[in-house]
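**Q** One-letter residues, chain by chain:
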Amino acid sequence: MTNTKRAASAILSTLLGIAVVGTVGITLHTLSADPSGKLIATKEADTITVDGKNYPKASVTMGVYPDSATAVKNGSKPTKEDYVQYGPSNHVVLPAHTYVTMTLHVYDSGEKLNNPYFGKVVGTIGGTINIDGVDVSSVAPDAVQHTFTLHGLPTSSQDPLFVNVPLPHVEVNDKDEFIPTKDPGTNNEGHTVVFSFITGGKGEYVFNCEYPCGDGTYAKFGAAMSAYGYMSGKVTVA
Amino acid sequence: MSDHNDVHLEPTPGERFSKFLKRGDIRETLAWATFYTAVFVVLGAYFYPKWMPTVMSTDMKAIERLMVVFTFISAPVCGFVMSIFTQTLRHRHKGDTPPPDGPAIRNNRLATSVFAGVSSLLCLTAIVYGLIELNSSAEAATKDAPNALVVEVTGNQWVWSFNYPSLGVESNVLNLPIDRPVIFQITSADVNHSFWPVQLGVKADANHLATTLAQTTPIKLGTIDVKCAELCGLYHAYMETSGEVMTVSDFNNWVTAQGGHSA
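Residue numbers (the numbering used here), protein chains in the order written: chain A, 1 to 238; chain B, 1 to 263.
It is worth saying that the hints were derived from the structure and are not from the lab. A couple of the hints might just be wrong.
Said to hold, decoys possible - Under the rule of at most 27 Å between Cα atoms (straight-line distance), these lysine-lysine pairs were calculated in the BS3-like manner:
#	chain 1	residue 1	chain 2	residue 2
1	B	Lys203	B	Lys50
2	A	Lys120	A	Lys234
3	B	Lys50	A	Lys5
4	B	Lys61	B	Lys227
5	A	Lys182	A	Lys73
6	B	Lys143	B	Lys50
7	B	Lys227	A	Lys120
8	B	Lys143	A	Lys220
9	A	Lys112	A	Lys220
10	B	Lys203	A	Lys220
11	A	Lys53	A	Lys182
12	A	Lys234	B	Lys227
13	A	Lys120	A	Lys220
14	A	Lys220	A	Lys57
15	A	Lys182	A	Lys43
16	A	Lys43	A	Lys77
17	A	Lys43	A	Lys220
18	A	Lys202	B	Lys227
What the hints assert, rightly or not - Covered stretches of chain A (chain B as the covering partner; in silico rule of three or more C-beta atoms under 8 Å from a C-beta of chain B):
#	region
19	83 to 97
20	164 to 171
We treat Cβ as the ideally placed atom computed from N, Cα and C, and that holds for glycine.
Isolated chain A (complex conformation) (with noise of 0.2 Å):
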C-alpha cells in the first residue's frame, strides 16, 4: 500500500468515526429534547421584601394529573395514557433571584413514601405550604400522592436551589373535609397546594417527584418515573 493509499485511509476512517460519533450525538440530543413546550413564569409587577432583602415576584401554576384525559384538558401532550404526569410542561423557566409562587392543582392518590424526610416541607418560604388554605409544615408520609422535588448540582457556577413540597393525596373521605379544587375540564376533584421560594442566580436544576409512582419495575420507579416528560423535569432559572 502507497503512503498516499495510507493517508487517505487514515482520513477516511477519521472522516468515518467522527460521523458516526455525531449521529449518536444529535441523535440522543433529539431524543432528550422537552417533549412539551417550555413553561415560563409569569412576572409581576410588585415586589416583596423578605430578611430586609426586595426581590421581584413571578408566578407559575402546574398540576399533577393521574390520567392523560385531565393532563390533556391542561395541555400536556402525553404518549402513555397510564402514566402520571406533571404538566402543562416538564420544563419551567424562572427568573433569577425572584420571590417566585408556585400552585400545584394535584389530583392523584396515594400511598406511602419509600423514605419519610420527603413529607417535610424544605426550602419554602417560612418552611411552610398552603394546601387548600391551610398552612402546614408536613404531610404524613403515608398521606402523600407526589412530590416536587427541585435540586442541582452543587457547582461553583451556580446557587444552590433544594426545594421539597409534599403533595396531599386526594381520597374519597376527603370531599367530606376540604372544598376541593376542581378541574375545569374534567371535573376532576383534587388538591390546590400555594407555596414561595426564593431562586439564586442562573442554573439549570431538575425537579422529580419522590413518591414510587411508577410501576412495579424498579422499585415502582419505572414508567412514568424512568421517563422524560412525566413525574420529572427540568427548571432553568434565567
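Start from chain A and add chain B according to the hints.
**A** Chain B in isolation, oriented as in the chain A frame:
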C-alpha cells in the same frame, strides 16, 4: 585426542549478563526505562496529590498515601513498558519486507525469571501494604466508635437525605463537625446507589433493605461534594449534594437552626 588449550569454556551467567548489559540497544532501553520511571515517581510524589480531591479526613489521607505508594511501586513497570514502546517506535522497520523475527523471549530463562520474580514482588508489596492500610482503618473504626457521630444516609432516586438520630436533625446536606469520628449507616429507599462524599475518601454501597457501615474522621474544614457512584436511573447525574466540615461551634449552631439539639 584433545588439547586442553582447545577447550571452549561456556561463559558464566554473570559474564553473559555483563555482556548483555554492554549491548547498545539494551543500554538505550535501560536509559529510557530509568527516565520514564523517574517521570512517574515525580508524578506520584508531587503532581498526583495535587490532582486528587482535597484531603479532609483520615481515610482520604490514607487513600492518598496508598495511591502515592502504589504509583511508586508501579513506576518501574510503567517505565519499562514505555521504554520498550519508545524503542519499538524508534527502531521500527521501514519498507515492505520485514526482517525475520528475533528469538522468542519465552525461551530466555533468565529474562522470564526476572520478569516473573519482579512482578510477583511488586504485587506482593502492593497487597501487603494495602492490607496494612485496610486494617489500620478498621482498628480506628473500632477505637472511635464510642465517641462517633452517627449519620443515617439514605439514597433515593435522585436525592440524598441525612438523618442525625442523636441530634434530631434531618437534612439534604451533609454537615459534620471537625475532628469527631463519624459513622455512616448507609441504605437506599429504592434502587441501589453508592454513597460517595469525595473529600472524605468514603465510597460505600447504598442498597435497599440493607445497611452498610462506613467510618471516618473529618480533619479539615471545607466543602464536601456528595455524589452517587452507582448508575441509578434517569437523573443519576443530578444525584449530588454538598456538605461542609465545620468547627464544632458552627456545627452546633447549624444543628440548633435545624431545630435539633446538641448530643
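**Q** Now look at each hint and say whether the structure bears it out.
**A** Each hint tested on the structure:
no. : hint                 : in the structure
1   : B/Lys203 to B/Lys50  : holds (20 Å)
2   : A/Lys120 to A/Lys234 : holds (22 Å)
3   : B/Lys50 to A/Lys5    : violated (45 Å)
4   : B/Lys61 to B/Lys227  : holds (19 Å)
5   : A/Lys182 to A/Lys73  : holds (13 Å)
6   : B/Lys143 to B/Lys50  : violated (31 Å)
7   : B/Lys227 to A/Lys120 : holds (23 Å)
8   : B/Lys143 to A/Lys220 : violated (41 Å)
9   : A/Lys112 to A/Lys220 : holds (12 Å)
10  : B/Lys203 to A/Lys220 : holds (26 Å)
11  : A/Lys53 to A/Lys182  : violated (37 Å)
12  : A/Lys234 to B/Lys227 : holds (19 Å)
13  : A/Lys120 to A/Lys220 : holds (21 Å)
14  : A/Lys220 to A/Lys57  : violated (37 Å)
15  : A/Lys182 to A/Lys43  : holds (26 Å)
16  : A/Lys43 to A/Lys77   : holds (25 Å)
17  : A/Lys43 to A/Lys220  : violated (37 Å)
18  : A/Lys202 to B/Lys227 : holds (22 Å)
19  : 83 to 97             : violated (count 0)
20  : 164 to 171           : violated (count 1)
The structure is inconsistent with the numbered hints 3, 6, 8, 11, 14, 17, 19, 20, although it conforms to all the rest.
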